[in-house]
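A.B. asks: Use these hints to put chain C onto chain R, whose structure you have.
This is what each chain is made of:
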Amino acid sequence: MLEKIKELICNYVEVNPEDITENSRFIEDLGFNSYDFISMLGDLETELGVTVDENEIMEIHTVGEAVKYLNKLKEN
Amino acid sequence: MDKNKVRSIADLVRESAKEYGDKVFLKELAGSEVIERSFNDFYGDVRRFAGYVFKKYPDDVHTAVIGPSSYGWLVSWFGTVGGGNTAVPLDALLSPQDICELLVRSDTDIFCYDPRYEKMIPAVKANCPNVKECISFAELPGLLESAEPAELPDVPADRLAAIVYTSGTTGKSKGVMLLNGNYIDNAMCQDNEATSDDVMLSVLPIHHIYCFTCDVLISLRYGITLCFNDSLMHIPQNLKRFAPTAILIVPMIAETMYKQIKAAAAQNPNVPIAAIAQNVFGGRLKTIYSGGAYLRPELQKAYMDMGFIMAQGYGMTECAPRISTADPNDKSCAGDVGVIVNGCTVKIEDGEILVKSPSVMAGYYKDEAATAEALTPDGWLRTGDLGYVDEKNRIFITGRKKNLIILSNGENVSPEELENKFAGLDFIADVLVYSEDSVITAEIFPAPEAMKNMSESELEAALREAVDAINKTVIPAKAIRRLRIRDVEFEKTTSKKIKRSQPVKGRQIQ
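From first to last, the protein sequence lines stand for chains R and C.
The opening residue of the first sequence carries number 1 in the numbering used here; numbering runs sequentially from there.
The opening residue of the second sequence carries number 1 in the numbering used here; numbering runs sequentially from there.
Only chain C is shown next, with the shape it has when bound in the complex:
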């Protein structure tokens, strides 16, 4: 695809149809049947949705879209943005109250929803006075059939494309304003990432920017066939059904798949593990992209050793999302999160990673204070992440700025940097590092198996040994000087992250 012809989402859909035509763009399941749509089908339906909206709403509209990955979801999003309007993709796991709140805050005019949300429509009508119309994806085929297809307008790159709400764990989530140009820059910043022979299985939530840009926009750009996974329970079956060449996952899925491979290998000791792994992944998989959280270098190496490219990237919603992406030729598994993408500049200020690129958001919707906090006056995005860039332009993340421990001697210590050093020790389930009376303390919840199979003294000795080994890898000021062991699990957030602010529960053993 000629990148120079693509400035907006409308251009991307139009050019993908011109270039890939009747090739299959999307496969999705309806029961056990696979339904296929071509790039031309998609362009036609996007034009019909835009035509429906133009006819009914002469002014600009905001369209919220909610539901698991589906063709209806895509047509609603692209029909809105392709017509120069603004989409509001919502998290399918939000409660009805939160959905209503975001519909109000985002000034949503049209609410497009998966039929499973039918029950909450009366609440939307009662609580969201701005919402003028609710469209179920079940009604969409009829609506599209009777709509006049519109010519997609010439949408400028600086037109607002979407308001994407962050899943902030503290306070209210913020509405990231992404422009057409932000999405296009991020989808176009790298070259030769895929070909039209590629097939991707999309398993992550589609409202999430990582899935949206890297599965959907990248598929439109390169002519990839995108297959929607119908349930997280069915990834193994759908890997076999669609035989993808690439897949985007989060580290937790990589961990589970690796356990399945190891279990299959134990049952088939005479079959090479690479062959077993390829069988588990459907037989044609080349590249696994991992993002969203920290990927253990050991796990990355294990996948590389089985013959896959295990590519780890880094980004955030505010940057549409890619800031760095893996170099497929770098097999060092050095613990980095990839090389800075083209057109993106990174600088480090007081240890924090700051980013400037055409992908960076316009700000937070109706939240000037939060925007001023995140964007500097000269356009740098404060990521809130701590890290550094090496001579190969690779980014290394060491922690979150808000979690930084500042000791009484003024030394800054990133707890995540120390916690990550415990990764791979199978007798430890979770670890939390914090400052206690200005002493760096590691509090450990042992793995349930270890608590059963090891005596208390054996376990304590193993933990002391692990901490001693870790302390040898850091400067003395960052060494863990106190060790606590607990027999109750840490309190966690709904996304299974340990809550950092919780009372000390473990007994001190060092």
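Same shape as in the complex, but just chain R:
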């Protein structure tokens, strides 16, 4: 999951994949704007075949939190 997210992050910001860690914050550290983040979750929905709940994504700030949330969706 981490690798998949890293790959998608690179579609939005010019960042070296090796520099992305689970602690990286999307907006403050990676330079995302808030729509980049929402759009990336849309990409992940399609790729993973899951449904993201818009009310829950407000709690996601770091790459690690996104990994955890998406893994949970996939298990369900």
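There is no bait here: all hints are sound.
Quick list of in silico lysine to aspartate or glutamate cross-link-like pairs, EDC-like style, CA-CA up to 16 angstroms:
#, chain 1, residue 1, chain 2, residue 2
1, C, Lys259, R, Glu7
2, C, Lys452, R, Glu28
3, C, Lys452, R, Asp19
4, C, Lys262, R, Glu7
5, C, Lys497, R, Glu28
The set of hints was computed from the structure by calculation and includes no laboratory data.
C.D. replies: Frame of chain R, contents of chain C only:
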């Protein structure tokens, strides 16, 4: 549509049904299924909603409407206003407390809501004594089925249509009173903007006047098929599903879409970028309308170069909203916000843009002091924006009046004008310009990538060089004389705008 026959919202819905009949007006998603409604369907349901209200409430009513874009939202709004009553469209992102406060302040009688607000209904009943009825959009089909359709009355142009609350970042939001004639003037002021072959994808919040007038009213006028996007996460999928010919967006969405196009182009080096862009936008897109915030001229040009018309306009809720709109033949990307719309007069007073037009609001609801501040006695609307008009009648915005820096020598400097000059420099994430001891200072938060990949001295040298280049484009009195660099992000508002009043955090490097 014959503009002379349309003076009110009721006229607009009636005429759209007469002219476009069974053509599809609206497409919306229910799960993966697309539900279609014709102009006739819509007129019928608006008449039924108005009939329901007439029967139950003999006096005038205020109906608040809340939720994401949906057919139920539209029927509630148009059924209210089409019947000569007043709608109160509310921001779907408001907290339950704020919603209750606005229901009280707007004297709302009927509260129409998306089912996701069901949980807050007990709070509405407990805290809003004026609210007589709450109607969920889920109950609407049954309610409409049993209602007697009313003939929409002859609503005068000066009848209050809606109270639209501004999302003021400071103080209480103000209730902009828009008349039937304000909406109609704004929807009718330009000609030949679209045809009934057009399809629009509506992605912005529907309570917002820019989306409401330019997506919904314009679709009714021209017979456009309007498609509701179900989530901001699904814009790419819905572009492919509905293949729109036009879309209204804000610059942040334009930025993200451009990144997606560039990423796809990098993966397909042999495919022209224009073809990739068209594929991303669904295959038929001609026009992108951008509003709501500043659009970088470089980004506008990048879209133009990919074959789109990237039209930037300017307006405000108080003007229903359009003040200027893009000339599709002007491809200069000069940094303007479009040409003044027909019937609107603009004058500049002490640098501030003042507007007079039949679209200008009647005032703020129950707020005479704020109304007197915004409207001059002879009917000019003070926009609070600074700018100028060129010989082609194009408006250029240079900043907000309240942010103006007045130096000790009396010189007025707009910080936004200087900040915008940093746009496009990829080693800068954010910049704030302010006066420090009467010295124009730029405080910069570098892009996170730049902080990793450049040494401190390289970064400082690049910033000094950028400031020198910018200073060459302004008169000496407006030059940036002090430069600060910070390693913590600026404090921002919920809408991601930098808070202007915050302590200096950056170390001085120039």
